[in-house]
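If you want the building blocks of each chain, they are given just below.
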Amino acid sequence: MHIADGILSAPVLAAGFGGTAILAAVTMRKMEHEEIPKVSVMSALFFVVNLIHIPIGPTSIHFIMNGLVGVILGRRAFPAVMLGVILQAFLFGFGGVTVIGVNCVMLGGGALIAYFIWQLRHRFPLGDRLEMIFGALAGATGVFVSGVILAAALFSTGEEFLATAGYALAAHIPALIIEAIVVGACASFLKKTKPDLLVGQVQKGILKTS
Amino acid sequence: MSLEIDRFSHIESSVQRWDPRIKILSLGFFIFVAALLKTIPVAVISLLIAIIIIKITNIPFHFVAQSIKWIIIFLAPFFFILPFSYPGEAAFRFIGLPFAWEGFRLAVLIFTKAVAIVLATDAVFGSSRFDISMIAMQRLKCPKVIVQMVLFTYRYIFVFIDEVKRMEKAMRSKGFVMKANMNTLRTMGNFVGTLLIRSFERTGRVYSAMLSKGYQGDLHTLVTFEAQVKDFVKAGLIAILTIAVFVTDMINIFHPAIKGWY
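Sequence lines, in order, name chains A and B.
No gaps in the numbering here: position 67 of the first sequence is 1350 in the numbering used here, and each next residue is one more.
No gaps in the numbering here: position 200 of the second sequence is 594 in the numbering used here, and each next residue is one more.
Chain A on its own, in the form it takes in the complex:
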């Protein structure tokens, strides 16, 4: 799911860092100190959940869960995913230091768009299954958008990566399905047990309610 070091060209790397700086500035505006722990919790969770592998036939696939971060944090999902990506690069070269920018735009962008999809649920009176359906949509969106950005980054580096980009997109399909089911289940579970964790639900955050 991440792009590794040494593949992309300098302009693409620079565009990644530029995009990350802009998105970070926009999404972190007016952030208060009491939000720091909440965002950190989600980025640590994003980091840890990325390590859980689910077996599929002969191979296995790991969670991405950027959609879930969007569902919980709203626009603060971007800084959370960004921190997760930075730490993954520092701690075990998951991705890499020079591609931090591109990976942030890729995964964080997916999280933001998942959040917009999630917010659309207020317009549909679907009753009990509302959270499950829109959680699933948000989970799938997170993976889908990231896959598209990944393919675009590969393709803009050079035509020789065209086949790789197509392969990468195809490889996202199982991840997309799994993510949709898990995020959907998780959203409906949270709705039943602790609805104020979900963004735009009842109140703003756990720290105010506890």
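Hints listed in this document are in silico derivations from the structure and should not be mistaken for laboratory results.
Treat the numbers as computed from the prediction; the structure is a model and nothing was measured.
Treat the hints with care, since some could be wrong.
To be verified - Listed next, the stretches of chain A that the computed footprint assigns to chain B, with coverage defined by at least 3 CB atoms under 8 Å from CB atoms of chain B: (1) 1348-1357; (2) 1463-1469.
What the hints assert, rightly or not - Here are the simulated DSS-like cross-link-like pairs (lysine-lysine), alpha carbons at most 25 Å apart as the crow flies: (3) A:Lys1475 / B:Lys568; (4) B:Lys563 / B:Lys573; (5) A:Lys1313 / B:Lys535; (6) B:Lys563 / A:Lys1477; (7) B:Lys449 / B:Lys463; (8) A:Lys1313 / B:Lys538; (9) B:Lys628 / B:Lys535; (10) B:Lys559 / A:Lys1477.
Glycine included, each C-beta is placed from N, C-alpha and C at the ideal position.
Given chain A, work out where chain B should sit, using these hints.
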């Protein structure tokens, strides 16, 4: 878990003694230049430089091997895709597929650079305590909010990994087996949800404790940095090597790469 990047920061060596601020800047420069190289021989030279640096730090090989393992997992597909999909004429056919050396060359180049970069990153962050590295980042004008969030996240990661292990044990003891089916996925959804609730409640308590001890959004530290002449000498050495590598790559000594295989 081997996620503790600073596990070997206590070992004595000239990299560990290096002022973290200057270390991050100069090796960061090296890392970015390495990412931009275009010819294999120069990439191999940068890999050798990275190996020498990591040797000097005395960080054991098995620790570094962990990060290289990830690189191999991420980059292995390139060796299978690029040679067979590179536009242009193929050198020969392999099980009916056109095999282009140029594509293979690209895969080798990517792999070499990636290993060099990961080794250099390990040398930077593996040779100082993580909190000290982060304070150094703050001194280098990295935004305070980001540094604090990184520190919080770094702490929480280990807490959550323990939590995940505990919950996994509980699930296993109740007979749960991971399979590729709907039931597993739904259970995983509930697993992640439970993990979330537990984590938020726990960090809410930690945050209240911090507030009651006077936390107002600033980190106070006793760490002071003092750059000495030898810190700058090391930085100069790395800078000269990096620029030499970059220039060699730019002036195209090895440019026949377009025709030949390196």
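Results for each hint:
1. 1348-1357: holds (count 3)
2. 1463-1469: This one holds; 6 residues, not fewer than the three required, reach chain B with a Cβ under 8 Å.
3. A:Lys1475 / B:Lys568: holds, 23 Å
4. B:Lys563 / B:Lys573: holds, 16 Å
5. A:Lys1313 / B:Lys535: holds, 20 Å
6. B:Lys563 / A:Lys1477: Holds: Lys563 (chain B) and Lys1477 (chain A) sit about 24 Å apart, inside 25 Å.
7. B:Lys449 / B:Lys463: holds, 18 Å
8. A:Lys1313 / B:Lys538: holds, 14 Å
9. B:Lys628 / B:Lys535: Answer holds: Lys628 (chain B) to Lys535 (chain B) is near 22 Å, not above 25 Å.
10. B:Lys559 / A:Lys1477: Cα-Cα ~23 Å, so holds.
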